[in-house]
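J.: Given next are the chains, with one letter for each unit.
Protein chains: 2
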Amino acid sequence: MLKLYCAPKTISLAVVTALNEGVHWEAIRVDFGEAEQTKPEYLSINPKGRVPVLVTPEGALTETGAILEYLGETALPNLVPVDPLQRARMREEMYYLGTSMHVNHAHKMRGYRWADQQSSYDDMQAKVPETMTASCAYLEPLIVGPYLFGTEPTLADFYLYPIATWLESDGVNVAAFPKLADWKAAMEARASVQKAISDGFTG
Amino acid sequence: MLKLYCAPKTISLAVVTALNEGVHWEAIRVDFGEAEQTKPEYLSINPKGRVPVLVTPEGALTETGAILEYLGETALPNLVPVDPLQRARMREEMYYLGTSMHVNHAHKMRGYRWADQQSSYDDMQAKVPETMTASCAYLEPLIVGPYLFGTEPTLADFYLYPIATWLESDGVNVAAFPKLADWKAAMEARASVQKAISDGFTG
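Those protein sequences? They're chains A and B, same order as listed. With our numbering applied, the first sequence has no gaps in its numbers, which climb one by one up to 496 at the end. With our numbering applied, the second sequence has no gaps in its numbers, which climb one by one up to 496 at the end.
If you are wondering where the hints come from, they were derived from the structure by calculation, not from laboratory data. Among the hints, a few may not be true.
A pair counts as met if it fits within one copy or between any two copies, since identical chains are not told apart.
Stated by the list, open to error - With a cut-off of at most 25 Å between alpha-carbon atoms, the simulated DMTMM-like pairs for lysine to aspartate or glutamate come out as follows:
1. Lys477 / Glu329
2. Lys332 / Glu423
3. Lys296 / Glu319
4. Lys332 / Glu481
5. Lys341 / Glu461
6. Lys477 / Glu433
7. Lys401 / Glu445
8. Lys341 / Glu433
9. Lys332 / Glu433
10. Lys401 / Glu423
11. Lys488 / Glu334
12. Lys296 / Asp409
13. Lys296 / Asp376
14. Lys401 / Glu351
15. Lys401 / Asp415
16. Lys472 / Glu327
17. Lys472 / Glu319
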């Protein structure tokens, strides 16, 4: 059975919700409150000190986007468009989320990754509402509805979901992005997302 | 014919070198010296104001990782491992490069994306040697040789190449990472990379 190292309120929720779409799996919760992800036992599993980590029969796999792609190929083919250009569009959004929007968010609480001074952390934190609002403004016109690319969700929808749960606390005026709000409601109507919420993964 | 919006010394070199592996393509150079990527004409092509952008018969595609995957599916299948777990390992490295290592580098010159004060930019810039060295230390033991995953390069090798050309100016002691140095030499022995260098894409 697949196992997933994961923690509430983190990007690992993307994989939790995707797994809930139809994979038999087990959660191994990493206690961020105790900084468990920084300790030797966890670093032996993932030297990057991050979640998620998917434990497959052939070894541990890291990086949210790569794990989602692996699940799409091995267990959840319905979440991957058949058409090559549509797959490319899905990946374009996944890479945007991973390289830009999630990175914007990370500057709120993880400034120590890229700077050493408290004044820099404060500066970074103050800019998060602006950068996350800009990310929402980029996404908003791209949303076809009800899901990102139309009538069915893809891996990209699951990648976006945790990030969408952070927007209010990141200082984004979510009312300014009605398509994104409708998209989030559509995701939250799915049993997979409801189960992740009731299991406490949204905090 | 495929066209690529690209600029020297940027991550677009990943796509330039991959295209040179066997695709008939044309470069459209974006003049970063003139900040062309921030002007309305370019923003109408890519509202994110970044390179690369691949112009396909069906529209423009952004995000380095997504473009590489598209080329792997449509034109360069030899750069994608056949085995699902090996494809997952390739994507794990690609996502690491996009979400972590390239982001570390970007804090040297692009601090304004995430902060507003000069003191923050200085602080970020000072930390780049440390973060890029840590990224090299993560990659070093993973390199099978001569390429990342063995005898043939994959999309991940092409994603890493531009980043590897930045290491010295990012303050990394490259002599401390002999496997990475050998890997870079193997890449630079390829005609595709040699052509990109002689075409001025490494600066």
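J.: Taking the hints in turn, state whether each one holds.
T.: Checked hints:
no.	hint	verdict
1	Lys477 / Glu329	neither (30 Å within a copy, 35 Å between copies)
2	Lys332 / Glu423	between (33 Å within a copy, 20 Å between copies)
3	Lys296 / Glu319	within (5 Å within a copy, 45 Å between copies)
4	Lys332 / Glu481	neither (34 Å within a copy, 38 Å between copies)
5	Lys341 / Glu461	between (28 Å within a copy, 23 Å between copies)
6	Lys477 / Glu433	within (12 Å within a copy, 40 Å between copies)
7	Lys401 / Glu445	neither (32 Å within a copy, 40 Å between copies)
8	Lys341 / Glu433	between (32 Å within a copy, 14 Å between copies)
9	Lys332 / Glu433	between (39 Å within a copy, 22 Å between copies)
10	Lys401 / Glu423	both (12 Å within a copy, 21 Å between copies)
11	Lys488 / Glu334	neither (29 Å within a copy, 46 Å between copies)
12	Lys296 / Asp409	neither (35 Å within a copy, 41 Å between copies)
13	Lys296 / Asp376	between (30 Å within a copy, 21 Å between copies)
14	Lys401 / Glu351	neither (35 Å within a copy, 38 Å between copies)
15	Lys401 / Asp415	both (8 Å within a copy, 19 Å between copies)
16	Lys472 / Glu327	neither (37 Å within a copy, 36 Å between copies)
17	Lys472 / Glu319	neither (33 Å within a copy, 37 Å between copies)
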